[in-house]
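Student: Residue-level listing of the chains:
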Amino acid sequence: MNGCPTSEQWVAYAAGELAPRLRRLCAAHLEVCPACRREVESLARGLAALETLPREPALRPEAIARLRGRLRAASAERPARPRVVRLLVRYGWAAAAALLIAAAIFWPSKPIEQPPVAVGNHHAEAIEEIAAAISLLELADNDTGSERLDRAPAGGSADELDLLLELDDAGLLLDYLSSQDRLRG
Amino acid sequence: MSHRAEDTDAPEERLVALAPRVYGFLVRLVGNRDTAEELAQETLVRALRGLATYQPEGKFRAWVFRIATNVARDWLRRRPREPALGLVVDPETPMPATVGREPAPDARLGRSETAAKVEAALVRLSEPDREVLLMRYYGELEFKEIARVTGEPLGTVLARAHRALKKLADLVPEEQG
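In order, the protein sequence lines correspond to chains A and B.
Using the numbering used here, you'd call the opening residue of the first sequence number 30 and step up by one each time.
Using the numbering used here, you'd call the opening residue of the second sequence number -17 and step up by one each time.
For reference, chain B alone in the conformation it holds in the complex:
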């Protein structure tokens, strides 16, 4: 049996450590930073309460992202139908700071420009397609894990990822691929 860092710390601290990724996932999914922050809190509190019935199969992170997905889906179902899938990206607004992963200064300008385009492209994806990509990126889950989390067949998840990645591909010059 392997022991991961996630398994050895106090549960509260494991969940706090996951907070930035859960928040990153939710902010791209629901498109609003304040809402995402609130949903991230809700996710992690629910996770703590659910630890009593948590079955140690698969990644702990996958389980937390399953909760985050459910929390986000609930919110998306209830949200007012306004134009507010609110992550209308303003290129003038700097991206949120990245913990411990600051790009080199000379790379920062080009990166943030592409990042703004990627954000805008993500908003245009369907919610299920976006969910798959974000779970892959922020949760670092394999597609088969995403299939378990979403309850969809693996082929469907891969088809969603294919459709979404093709839309993002045009945003990156060919030499960077």
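Here chain A stands alone, though its shape is the one from the complex:
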């Protein structure tokens, strides 16, 4: 390491957020640089000062009760359509492509002769769920096409699709979909 690390790097160091390699270099530098040692000690004292504040100050019970009431009311206003359906409505073409690929890969070639396998069932259930959701998508498509486009947030489609595909690859898609449904209550 040439010269001393920057003050910003020392903040990240004191907060334990430097990458391991850079952290080792900084630690080695501290061995030979009293000025930087004083700098880090000072930052650590600043962090320690913060720790004297209560991290979870208590809210008044009536405030919590009011919050629960407002959340319940807001929850009742939320649309009833499950999240998975909203995702499929938003990224329907991609989900349809994923469905076709998954069907091509996992469609049993001899369904009558082969006993059902647990992993196959897992995927089949997921595929059924996606197919059902796509049916809803088609209905929604006839209904609220312009609204869908208005509501789609920018920049998220590739990530969402990647997530669904990764979960499917890992055999976790159904669990994920179920957890999302549970979250929706």
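Source of the hints: derived by calculation from the structure; they are not laboratory data.
Small disclaimer: the values here were computed from a predicted structure and weren't measured.
We put the CB at the ideal spot given by N, CA and C, even for glycine.
Mixed in with the good hints there might be a few duds.
[Claimed, not checked] Here are the computed distance ranges between Cβ atoms for each label pair:
{"#": "1", "chain 1": "A", "residue 1": "Arg53", "chain 2": "B", "residue 2": "Asp152", "range": "27 to 33 Å"}
{"#": "2", "chain 1": "B", "residue 1": "Glu109", "chain 2": "A", "residue 2": "Glu60", "range": "17 to 23 Å"}
{"#": "3", "chain 1": "B", "residue 1": "Glu156", "chain 2": "A", "residue 2": "Gly98", "range": "47 to 53 Å"}
{"#": "4", "chain 1": "B", "residue 1": "Thr138", "chain 2": "A", "residue 2": "Ala87", "range": "47 to 53 Å"}
{"#": "5", "chain 1": "B", "residue 1": "Gly32", "chain 2": "A", "residue 2": "Ala57", "range": "43 to 49 Å"}
{"#": "6", "chain 1": "B", "residue 1": "Glu109", "chain 2": "A", "residue 2": "Arg95", "range": "26 to 32 Å"}
{"#": "7", "chain 1": "A", "residue 1": "Arg52", "chain 2": "B", "residue 2": "Asp16", "range": "27 to 33 Å"}
{"#": "8", "chain 1": "B", "residue 1": "Glu109", "chain 2": "A", "residue 2": "Ala133", "range": "40 to 46 Å"}
{"#": "9", "chain 1": "A", "residue 1": "Arg101", "chain 2": "B", "residue 2": "Leu58", "range": "27 to 33 Å"}
{"#": "10", "chain 1": "A", "residue 1": "Ala56", "chain 2": "B", "residue 2": "Ala102", "range": "43 to 49 Å"}
{"#": "11", "chain 1": "A", "residue 1": "Glu46", "chain 2": "B", "residue 2": "Arg61", "range": "52 to 58 Å"}
{"#": "12", "chain 1": "B", "residue 1": "Glu122", "chain 2": "A", "residue 2": "Arg53", "range": "23 to 29 Å"}
Take the given structure of chain A and dock chain B to it, following the hints.
Tutor: Coordinates of chain B only, in the frame set by chain A:
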């Protein structure tokens, strides 16, 4: 994919569980307990309404703190320009109780004295510098997450933290650092 407690409970309960931290963040940011309580409610209701478009990237908590930051900034822009960045700390006033983290009795006196000084020092920080420190402490967000939440470059966030931490450092005796 990791499953955190925040991801498994009902959304309303996840948000209620975050309420004390959001309130702690806001009360130090806006400097008034009643206002902070109201803004915390607004934050959490907005979060619930926003769940429909929430993208599961990063921490759920970071997303909620982004909303809290926006709510606080809106309020700070609109607030009457009175002396009322109201957390004028009265050392006689006990600190709010801490949920499940009561200090040992013999440590309480020294801690609250330092805490009162820290509160006063926080009030003197610029709003953006204070925001970074509070997000770090109450949201337990890493600086790179704070950079995403505030929309500032990481270097700027670290520079803010550096400036703010140096001001707080003098409040703690050297042996405690």
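Student: Does each hint hold? Answer for all of them.
Tutor: Going down the list of hints, with the structure as the test:
no. : hint                              : verdict
1   : Arg53(A) / Asp152(B): 27 to 33 Å  : holds (30 Å)
2   : Glu109(B) / Glu60(A): 17 to 23 Å  : violated (38 Å)
3   : Glu156(B) / Gly98(A): 47 to 53 Å  : holds (49 Å)
4   : Thr138(B) / Ala87(A): 47 to 53 Å  : violated (34 Å)
5   : Gly32(B) / Ala57(A): 43 to 49 Å   : holds (45 Å)
6   : Glu109(B) / Arg95(A): 26 to 32 Å  : holds (27 Å)
7   : Arg52(A) / Asp16(B): 27 to 33 Å   : violated (43 Å)
8   : Glu109(B) / Ala133(A): 40 to 46 Å : violated (56 Å)
9   : Arg101(A) / Leu58(B): 27 to 33 Å  : holds (29 Å)
10  : Ala56(A) / Ala102(B): 43 to 49 Å  : violated (34 Å)
11  : Glu46(A) / Arg61(B): 52 to 58 Å   : violated (33 Å)
12  : Glu122(B) / Arg53(A): 23 to 29 Å  : holds (25 Å)
Violated hints, listed in ascending order, are 2, 4, 7, 8, 10, 11; each of the other numbered hints is respected by the structure.
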